[in-house]
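Chemist: Residue strings, one per chain:
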Amino acid sequence: MNERETKLLRTIDMSGRGFRAWVALLVSVLLWGAFAYSRQLRFGLVETGMRDQISWGLYISNFVFFIGISHAGTLISAILRVTDAGWRTPITRMAEGITVVALCIGGSMVLVDMGRPDRALNLFRYGRIQSPIVWDVLGVSTYLTGCILYFYLPLIPDLGIVASRPGIGSFRRGLYRLLSLGWTGSPEQWRLLNKSISIMAVAIIPLAISVHTVVSWIFAMTLRPGWDSSVFGPYFVVGAIYSGAAAVVLAMCLLRRIFHLEDYLKPVHFRNLGLLLLSFSMLYLYFNVNEYLTLGYKFRGPEKVLLDRLFYGDYASYFWVVAFVGVFLPMMLMTLVLGPKRYRDFTVPGLGVASLMVVIGAWAKRYLIVVPTLSSPFLPIQGVPEKWSHYAPSWVEWSITAAAFAAFLLLYTLLAKTFPVVSIWETRETGEPVEEAPAAAAMPFRPKWRPALPTIVLLACAFLWSAPAARGQGAAKGGKAPQPTSISVGWQALKPEDAPRMEDARIAPAASGTQRFYLDTKVLSYPWAAGSSSKPKESPIPVIAVSAQLKDAKGQPLAYQAVSFGLKTSLGRLEYGARATDGDGKVQLIIRDHRFGQYPVDVAYGGDDDHQTSHGVVMVDFGPRPAPGLPDSGVLIAPTFSAAIGLPFLFFYGSMWCVFAYVFGYLVFWRMRREGAGAVPNPAPALDGGTPTQFVPIKPSRLPDGW
Amino acid sequence: MEGTRRSFVQFLARGTGLLLVSGVAIRSLAGHMFRTVLPPRSVAPENRRWVMVFDLAKCDGCKDCTKACTKMHFVPPMQEWIKVYEVEDNQAAGSYFLPRTCMHCDNPPCVRGCPVGATYKRTDGIVMMDQDRCIGCRNCIAQCPYSARFFNWGEPPHTPEEMKVAYSVEHNYPHRKGVVEKCILCPEMLRMGMLPACADTCKMGAIYFGDEFEDAVTNGKGETMQFSKITEKGAGFRLMEELGTEPRVYYLPPVNRKYPSPEEKHTHEATKV
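Residue numbers (the working numbering), protein chains in the order written: chain X, 699 to 1405; chain B, 10 to 282.
Errors might be hidden in some of the hints.
The calculated lysine-lysine pairs, modelled on DSSO-like cross-linking and capped at a C-alpha distance of 27 Å, are [unchecked claim]:
1. B/K242 x X/K1266
2. B/K186 x X/K1085
3. B/K242 x X/K1193
4. B/K80 x B/K186
5. B/K72 x B/K281
6. B/K238 x X/K1266
7. X/K1085 x B/K76
Listed next, the stretches of chain X that the computed footprint assigns to chain B, with coverage defined by at least 3 CB atoms under 8 Å from CB atoms of chain B [what the hints assert, rightly or not]:
8. 751-759
9. 791-797
Sample of chain B residues lacking proximity to chain X, with all beta carbon distances greater than 12 Å (derived) [claimed, not checked]:
10. A66
11. V125
12. P169
13. E170
14. E171
Hints were generated in silico from the structure; no laboratory data involved. These figures come from a predicted structure and were not determined experimentally. Beta carbons are placed, not taken as given, at the ideal position from N, Cα and C, and that holds for glycine.
Generate the whole structure from the sequences, applying the supplied hints.
Modeler: Put into structure tokens, the structure is as follows:
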């Protein structure tokens, strides 16, 4: 082990006063956050500044921010590894560490934001693949597993090196040896490790992109102004890589200073990463311009309100400061310290300041994405107190946010204390080895199909008549007593063309429901969507003729009398008004309503001086009700998985898990470990003086000398 | 070995075969995974298609509906499951009152986004809310363009009557901390053949409720109208039609109002003071 590496490994031994004070500070912030969270658990989210109008706040901003930061690492190191950029070697470990830690913190922010964290397991019991929240659970958990693996695999040879180092405690030696999975450094082990790392580097790139896209889809899948944007996926991915790369630069600056890693982190590393950061700042600027120009150019409807507030209104100062601090200033600073030769001496501190600004700007930008949109809903916010319509995070939220950052730093510190912050074996010489189940029990929906009644049904008419007038019978009136009358009622369904055109006839009944296609409906027209039955057509609107004949007691038809029609619905009585009988005492009512089912239609005669009142009832059948109750084109009852969304997600993340299982389960845990067990009796590799005897470079170095 | 044309064709044929076989396998697998039957809770007790019609010409903004709803469901404070907005489409048009319930959309964004199926669509059109299952992620609140969803930020205050009954998705109380609340169209009342509380209460008769299959809607004054006729003749509209949510709540435009407009009401109140 050479002097450089001994110096590097001092981080593992750090236990000075400064270190202890730092850890104590972080732990106390963490404890304060835990206290705040305990209050939130006890009293509910009322402890936060969020209310019904602005229902997501700091927690979700933090979630998006930390997931963004997590892209730092893995994506950058994976891209650099795949493209075989030799200068990456001292950086990758730091970057991957940031990723793992940031993902843990980001994921837990969602848990903190939940109203019922005790029901978090419902996500697995009842999870619906159509929900962006479930996509996030799936994506973030897969990504976290992948990142831990990707952090761990390149660590294995270093663990072997550290375990063989003199002067470490027996507990830690045992731990390192256990974690190194019997690493002996045999050529076969190197081959397997390189293969595993290469596969992981390739797999992690689409995974990382998918994760931040899915995070953006939480917002983009809503209808809200400012979120309802098709560019959100790439916009978030670029923003995430931008903030992530800045976090890596920041970590490099700090670790270099604290641990004196000048031997490893040379200005060239800063320069290369700075150029990457600069190009991403331009890309990010481009996406910002694209996002706000397309909205601002049209300035339409609900988005106008949002943009007014962002550009000139109550969020304007915040918006423009974030734009300057997050994009313009770092861009100018980076151009200066990377461009002209005379400022190149300031590359490292300049980049440090620029990346600090980028990280702060990124966090503030997440807040700007979440809060102003929620506070500019479609319907105006009315009749709520000021505190409800304007979001201001409470001390609980700030405390938990501070605790999240403290936890991030603490975990990263512990990671740096436990494992070498720079990959030893990769930097040792210029040549480097290349390296659900858905819910309730199914019960088939059985539509209650009534047998279709014949088109013409002549129902027996209910001859109901008014009882012979009971009152008023005396001799009070001089005239003769009113005669009893009777009404006979019948109905028939007419063909639409036979039906006489009435004044109030509705012309051209609108076809109910247009052809619409919903990705998350239960029935899909995909060839593999099993059970995609043909839609039951709604029957055409029936034309019903209700006819009645009014007769007096002798059976003589009563002509030119007003007869009123009414239809009893489940909640009331629909009046059709009165019509006059014709010369034969007949009257007809044509009904062209959009109605299904059977209804009693009653026909009433009000009577006059000579005739008593009477009425008749007939049950009219308007045809069977369609089933189920919703228009088929609009049915969105998808309580379970839908194939169109389920299959792509399950396929993508499922294949990722297969890759993990192959890489870790088979290549590393099975073959590599057995290889080590059988090959060398002495598991501690002889590593002193930097003799690269254990190295079997797979690829020749592409690194020019002097780097 | 240099690939021959023959071997390349064979290679393509094998690939096609593999694709076909995996396609058949996925199809049969999907048939098991993606069930097309509805769970029992999604099946409404009756085959209905509920609709609601607000006649804006009759709404005088008295908020009796809100009070009745709050009383009936023991709605926690600061929540208005039916809320009366005062809106102004443009400066020249003057303002009107706009009662807003849950729109019970046929393409409901909230149901789409719910991760656990706590909010779901019933076959009679009601968007239900199962607070035994809700995890409080508030994605549905973000999804809803009508601001019709509320959250129990803290433990809601309780009354003895509220606590007397056991929780049921059909009345959504007793209320609990950390779950989402919304209008559910009083399924209990509908079971008994009665109007929802808001429609029943409205003195102006502005709220009509009924079954689209019956093509009839009834208001609290007992007036029954033909649904398709009043929406067609009255130029009924739905809120934010352009969002494609397909609401089940219709509005009749505020024409020929017979009560003071919001402005007149305000000036009247101001002069009274």
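Chemist: Evaluate each hint against the coordinates.
Modeler: Against the structure, the hints:
With a C-alpha separation of about 22 Å, the suggested pairing of B/K242 with X/K1266 holds against the 27 Å cut-off. This hinted pair checks out: B/K186 and X/K1085 have alpha carbons roughly 20 Å apart, not beyond 27 Å. Using a Cα cut-off of 27 Å, the hinted pair B/K242 and X/K1193 holds, with the two alpha carbons roughly 24 Å apart. Our distance criterion of 27 Å between C-alpha atoms is met by B/K80 and B/K186, whose separation comes to about 19 Å.
Using a Cα cut-off of 27 Å, the hinted pair B/K72 and B/K281 holds, with the two alpha carbons roughly 20 Å apart. Proximity of B/K238 to X/K1266 is assessed by CA-CA distance (about 17 Å); at most 27 Å being required, the pair is judged to hold. For the hint linking X/K1085 to B/K76, the alpha-carbon distance of about 23 Å falls within 27 Å, and the restraint holds. Only when three residues or more bring their CB closer than 8 Å to a CB of chain B does the claim for the region 751-759 of chain X stand; here the count is 3, and the claim holds.
Coverage of the region 791-797 of chain X by chain B is violated in this model, with 0 residues showing a Cβ closer than 8 Å to a Cβ of that chain against a need of three. At the 12 Å boundary, the C-beta of B/A66 stays outside the reach of chain X, the nearest C-beta of that chain being 20 Å off. A beta-carbon of chain X comes within 12 Å of the beta-carbon of B/V125; the shortest separation is about 4 Å. For B/P169, the requirement that its beta carbon stay farther than 12 Å from each beta carbon of chain X is met, with the minimum near 22 Å.
Interface exclusion of B/E170 from chain X stands, the closest Cβ pair being 23 Å apart, more than 12 Å. Distance to chain X confirms B/E171 as a non-interface residue, since its nearest Cβ pair spans about 18 Å, more than 12 Å.
Hint violations for this structure: numbers 9 and 11, all remaining hints satisfied.
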